[in-house]
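Working from the sequences, and respecting the hints, build out all of it.
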Amino acid sequence: MDIEIKRLKDEQELKEEFNKGFPKLFDECFGSAPYFIKYSDEELWDIYSNHLKTGFLLFAYKNKKLVGFAGSRPLLYDEYISNEVKNYFNKPTEVYYHSELGVIKSDRGNNIAKKLLEETIKQCPVNKILMRTKTDNVPSIALHKRMGFEELPLIQKGNGNTSDDYRIYMLFDKEKSTMFNPTNLLVDIKAMKDNLKNIENAIKMEVMPVVKGHAYGIGFEAIAKVIKNSRIAGVATLAEAIKLKQYYKGDVFLMYQPCFEDIPEIVSHKFQIAVSNNIEFLEQLNDEGGTKVHLNIEAGSGMLGILPQDLLEFCKKIKELKNIKVDGIFMHYCCTESEAIEDIEYSNMQTKIFLECIDIAQSILGEIKYKHSGCSSASFVQPQDHCNMARIGLILYGYYPEEHLKKYVSLKPALKLTSKIIQITTLPKDYYVGYNRTYKTDKETKVATISGGYADGIGKNLSNKGFVIVNGKKAPIIGKVCMDICMIDVTGIDCKYDDEVCLFDNDIITLQEFSNGLGIAEAMLIMGQALNVKEINCD
Numbered sequence: 001m002d003i004e005i006k007r008l009k010d011e012q013e014l015k016e017e018f019n020k021g022f023p024k025l026f027d028e029c030f031g032s033a034p035y036f037i038k039y040s041d042e043e044l045w046d047i048y049s050n051h052l053k054t055g056f057l058l059f060a061y062k063n064k065k066l067v068g069f070a071g072s073r074p075l076l077y078d079e080y081i082s083n084e085v086k087n088y089f090n091k092p093t094e095v096y097y098h099s100e101l102g103v104i105k106s107d108r109g110n111n112i113a114k115k116l117l118e119e120t121i122k123q124c125p126v127n128k129i130l131m132r133t134k135t136d137n138v139p140s141i142a143l144h145k146r147m148g149f150e151e152l153p154l155i156q157k158g159n160g161n162t163s164d165d166y167r168i169y170m171l172f173d174k175e176k177s178t179m180f181n182p183t184n185l186l187v188d189i190k191a192m193k194d195n196l197k198n199i200e201n202a203i204k205m206e207v208m209p210v211v212k213g214h215a216y217g218i219g220f221e222a223i224a225k226v227i228k229n230s231r232i233a234g235v236a237t238l239a240e241a242i243k244l245k246q247y248y249k250g251d252v253f254l255m256y257q258p259c260f261e262d263i264p265e266i267v268s269h270k271f272q273i274a275v276s277n278n279i280e281f282l283e284q285l286n287d288e289g290g291t292k293v294h295l296n297i298e299a300g301s302g303m304l305g306i307l308p309q310d311l312l313e314f315c316k317k318i319k320e321l322k323n324i325k326v327d328g329i330f331m332h333y334c335c336t337e338s339e340a341i342e343d344i345e346y347s348n349m350q351t352k353i354f355l356e357c358i359d360i361a362q363s364i365l366g367e368i369k370y371k372h373s374g375c376s377s378a379s380f381v382q383p384q385d386h387c388n389m390a391r392i393g394l395i396l397y398g399y400y401p402e403e404h405l406k407k408y409v410s411l412k413p414a415l416k417l418t419s420k421i422i423q424i425t426t427l428p429k430d431y432y433v434g435y436n437r438t439y440k441t442d443k444e445t446k447v448a449t450i451s452g453g454y455a456d457g458i459g460k461n462l463s464n465k466g467f468v469i470v471n472g473k474k475a476p477i478i479g480k481v482c483m484d485i486c487m488i489d490v491t492g493i494d495c496k497y498d499d500e501v502c503l504f505d506n507d508i509i510t511l512q513e514f515s516n517g518l519g520i521a522e523a524m525l526i527m528g529q530a531l532n533v534k535e536i537n538c539d
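Here the numbering used here is used: the first residue of the sequence shown is 1, the next is one more, and so on.
For the record, the hints were derived by calculation from the structure and aren't laboratory data. Be a bit skeptical, because a hint or two may be false.
Said to hold, decoys possible - Result set (DSS-like, lysine-lysine): computed pairs, CA atoms no more than 30 Å apart in a straight line:
1. K420 x K440
2. K446 x K145
3. K245 x K270
4. K496 x K429
5. K212 x K270
6. K460 x K122
7. K406 x K228
8. K115 x K534
9. K440 x K225
10. K496 x K420
11. K440 x K412
12. K270 x K292
13. K474 x K145
14. K212 x K406
15. K429 x K446
16. K270 x K325
17. K245 x K292
18. K325 x K243
19. K174 x K496
These figures come from a predicted structure and were not determined experimentally.
As structure tokens, this is what we get:
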């Protein structure tokens, strides 16, 4: 039966629960430590309830029996911890103290400790953990590191007057941590910088990096290191624009028509925005202070923009708005990734429409500073003589929208998805693996479990047919992919606990092969994963 974790808020209910199981649980967890024996149950409750005023208490149950606990404050903290250690803590809610992780010593593989720690982190902004333990408590130390806490070089031995004299105190800090959860998206910052430089040299015009979708999943803090020298960057929404500005000093362009409620923030931050056919929006924007805008031309994509037949009158109305400056004009191609004759002809038709619209707009508004029509593919395959800026998205990360684009520019893949082996076991023939019994071994099989599942982008449709890479060799995924784990057949592969596993490495398994197995586009794969981003080769 699963472990049930609940937080009790009512003090009377909490006290009753405490008195029913807590003192006995203390004894099961910690033995006969003097600092627990010398307090009665009532006194122990008084001590703990005082801490609860600024913290919380979690109980873990199995089969309705109390089997574990966790809290955001240490028991008897002031008596046994030195000032040196205390100085690492700023306020009570930043501290989670545990001894043996607040679980009975015979966890028996139920992962009570892990579940309690995960739940504690959800309930409380935990940055630091103090662990009272034995020096050889390797599983607890490994657990903290997997949860993102780094062990600091601060160890205080027991005071020598109690049974604590054979124990130590260890401090773990998340704010200073360089540790990450087992499944990580590795981002090669240097490779992305080189890609940007190569793209600029190839198309010979200014580049607007498009970093929508939370920078294609890698986050704005990481992408800001790549695009720091770019004059302007494109995003999809106001929320993205505000987040990007925390790390990036250049101009930010909202590529799609914003909403009326976005206007105050747009004006305040001086964001540049795309405008479609809503003159009422522009009038309100003008009244509230205005900003620079780029005219979005509808040239055959059928998504957003001003229709060519409406452009003349639209420009006349814009000219009357004194706080609106038209700084750009642009369009979207819809099929430039294709080499089919009919698609090339359609793209040529779109280019012709855009050129005509540039002439119309400039006949009313005068010279417009920026003209941009090229996306990652169009910037190479469509004539760009009429443009002076290109919008670049996925190729910045080193991935080509189509194979034929490789002849135009050299790119280096910048992403790698990795996980860790958390168990290795040998199963006999005719043994089921995973939920729903979808896989049965046909011989004695060496099975590794990795700490990554469909919550980490390893989709369920890879069950029993996908592959991962273990120490340079492909290992098939067996059984049904779970939310947080999946199983792989490592028979004949030399591997051990904590070895790295690659889901795609751009060599043995490419991003395209991995995403094809999931039945989704590469960009969707990157953006849709709840992953930790770890930067590598960052200069």
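Here is how each hint holds up against the structure:
Proposed proximity of K420 and K440 is supported: the alpha carbons are some 23 Å apart, at most 30 Å. Among the hinted pairs, K446 with K145 is consistent with the structure: their alpha-carbon atoms are about 26 Å apart, no more than 30 Å. At most 30 Å may separate the alpha-carbon atoms for a hinted pair to count; K245 and K270 meet this at roughly 11 Å. Only pairs whose Cα atoms come within 30 Å are accepted, and K496 paired with K429 is accepted, the gap being roughly 22 Å.
Of the pairs offered as hints, the one joining K212 and K270 holds, with about 18 Å between alpha carbons and a cut-off of 30 Å not exceeded. The hinted pair formed by K460 and K122 meets the criterion: a straight-line CA distance of about 26 Å does not exceed 30 Å. With a C-alpha separation of about 26 Å, the suggested pair K406 and K228 falls inside the 30 Å cut-off, and the hint holds. Annotation: proposed proximity of K115 to K534 holds, straight-line Cα distance about 24 Å (limit 30 Å).
About 48 Å separates the Cα atoms of K440 and K225, which puts this hinted pair outside 30 Å; it is violated. Simply put, K496 and K420 have alpha-carbon atoms about 10 Å apart, close enough for the 30 Å limit, and the pair holds. A C-alpha spacing of about 40 Å is found between K440 and K412, which places the hinted pair above 30 Å, so the restraint is violated. The suggested pairing of K270 with K292 holds, with an alpha-carbon distance near 8 Å, which does not exceed 30 Å.
Taking the CA atoms of K474 and K145, the gap is near 27 Å; set against the 30 Å cutoff, the hint holds. Of the supplied pair hints, the one linking K212 and K406 holds, its CA atoms being roughly 24 Å apart against a limit of 30 Å. Annotation: proposed proximity of K429 to K446 holds, straight-line Cα distance about 11 Å (limit 30 Å). Taking the CA atoms of K270 and K325, the gap is about 12 Å. The hint holds against a cut of 30 Å.
A hinted pair counts as satisfied when its Cα atoms are at most 30 Å apart, and K245 with K292 qualifies at roughly 17 Å. In summary, the hint linking K325 to K243 is supported, as the alpha carbons are separated by about 24 Å, within the 30 Å threshold. Using a Cα cut-off of 30 Å, the hinted pair K174 and K496 holds, with the two alpha carbons roughly 27 Å apart.
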